[in-house]
Amino acid sequence: MKRTILTLIFTAAAFMVASAQTVVERLSDPSRRLVHSDVWSLDTLQLETLYDRWNDYVLAHPKDEQAWRNLFEIFRERSVRFWGNVKGSNEYKRQKNVVGRMEQAIPDSYTFNYCAYESNYPKKVGEPYDWEAYARVHNQYAERAIELLPDDAQACDYETWIIYLHREKLDQDSTRLTNLLTRYFESGYYPAEALQYHFNELQGMDEGAVYIGENEGDIIGKLILQLVKGVHCDKILYCENSASFRPYLETVFQNIGLSMDFFDSEGEWANADEQEDELRLIIRYICEKSKRPVYTSANCIKNLILGKGLPEDLKACFYNEGLTMRYSAKPYDNLAAKRHNVEERYFLDYLRMSFRPQQTEKNTQRFQQAPQLMAFNYLLLLNDLMPYYKKHSPKHHVWLNGIFTDILSQMCRGNLGGFVMGGYNFYLKESTEGGLHYEVVQEPTVLQSSDDDEATIQKKLSEQKKATRVLFKTEPVK
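Numbering (the numbering used here), first residue to last: 47 to 524.
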């Protein structure tokens, strides 16, 4: 028996080694374009081996831009993984060395300028250190890269330069931003499901609204809709992640019609001690002083202010209207507004269609979410309408129940019967008794520490069990 167990252990170990070698071999293919999803799950040894392979390759082929880009992506992953310790510091220096070697081998290429911008590649800008001079040099890499952007650029490349133009040049360069968004849209790399979701968010807002987004992932799809497709151009977008760029913030305030007194040197914002204090003041000012309706995404509300969330008094003034939350100093019938969005504004029947397969070569967005999980947001945010519809509008109840059933059916077919989202585990249970129907179970995730003893672990599991609930059930569809 012991010999059998040892044999199984050695066989499993050999299989794992062989599997790891196979992964490295596959990612070492000279024709391969590495993307983030290729390297983030590799272990340290695999990354080191992969680095050696691609380093040898660029030494033999010093003009191969794609090989240099692959080498850079490997070391970017390592520097992020070890950030904050000595090893991470050394990785960061080695990354700079990769870009320095790149500058010698492929100067003034798209790949060099992209990597120099992304890695904050240093150049001597005078002594003592001149931050403004550094920023000018850093932006020169971006400007040159945009000029050289190839037709086969990856999604993350488009998004890098869209973000740059949106926050650095919003007040002066909408033409280039529109052209870049158009190229991104026409590349087919931006997911249709995400674009439809952003459309419905905008569709549910009143005319002239202000939208507050946590990061560029909340903004890029809406920019495509506005500047490329020419819809919902009346909505003003504010991206919290770009708020530290004062020209951007001033432009947003001007577009909203807010007073520039906010930026007075004697004011609260100019004298705030912490960045999160600045962000709170900005959002509060937009909400309380805008003579416009103000919204944020329902799934953003907990992540604003650097993940700290809105102050409690401000959060209490946001009311759910479906996919978005609307600010109001006074309570109102937000469920009526939600029903209006579902019945008159949102386009929901696209959710009945099969989701496209995940395409790895296109899956390089900086901010991405599986199409199935975006669809699941509809169920999370709209299921509270079902009791009302069951009692007052059977037609809408049958219609929305059918959409929810199709969403859950596609998720189960796509091996998403269990997943983690927003700090919860979700489990989908399918039954055909009396007709196809589903049950959605919500369970809090449990964070266990290596310091937890058995009693602590059992207590956490007990609390998790008590908080687990059936979130939603669809009605049988025959």
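Just so you know, the hints here were simulated from the structure itself, not pulled from any lab data.
Source: prediction; values computed, not measured.
One or more of the hints may lead you astray.
Pair ranges (Cβ atoms, derived) [as the list claims (entries may be wrong)]:
#1 I503 with G146: 17 to 25 Å
#2 P108 with G353: 20 to 28 Å
#3 P196 with G480: 35 to 43 Å
#4 H82 with F291: 23 to 31 Å
Using 27 Å as the maximum straight-line C-alpha spacing, the simulated BS3-like pairs for lysine-lysine come out as follows [stated by the list, open to error]:
#5 K511 with K475
#6 K511 with K524
#7 K524 with K512
#8 K441 with K524
#9 K524 with K348
#10 K506 with K475
#11 K511 with K348
#12 K441 with K519
Each residue gets a CB set at the ideal place from its N, CA and C atoms; glycine is no exception.
Next item on the list: Provide an ascending list of the numbers of those earlier hints which the structure does not satisfy.
Entry: 1, 2, 3, 6, 7 and 9
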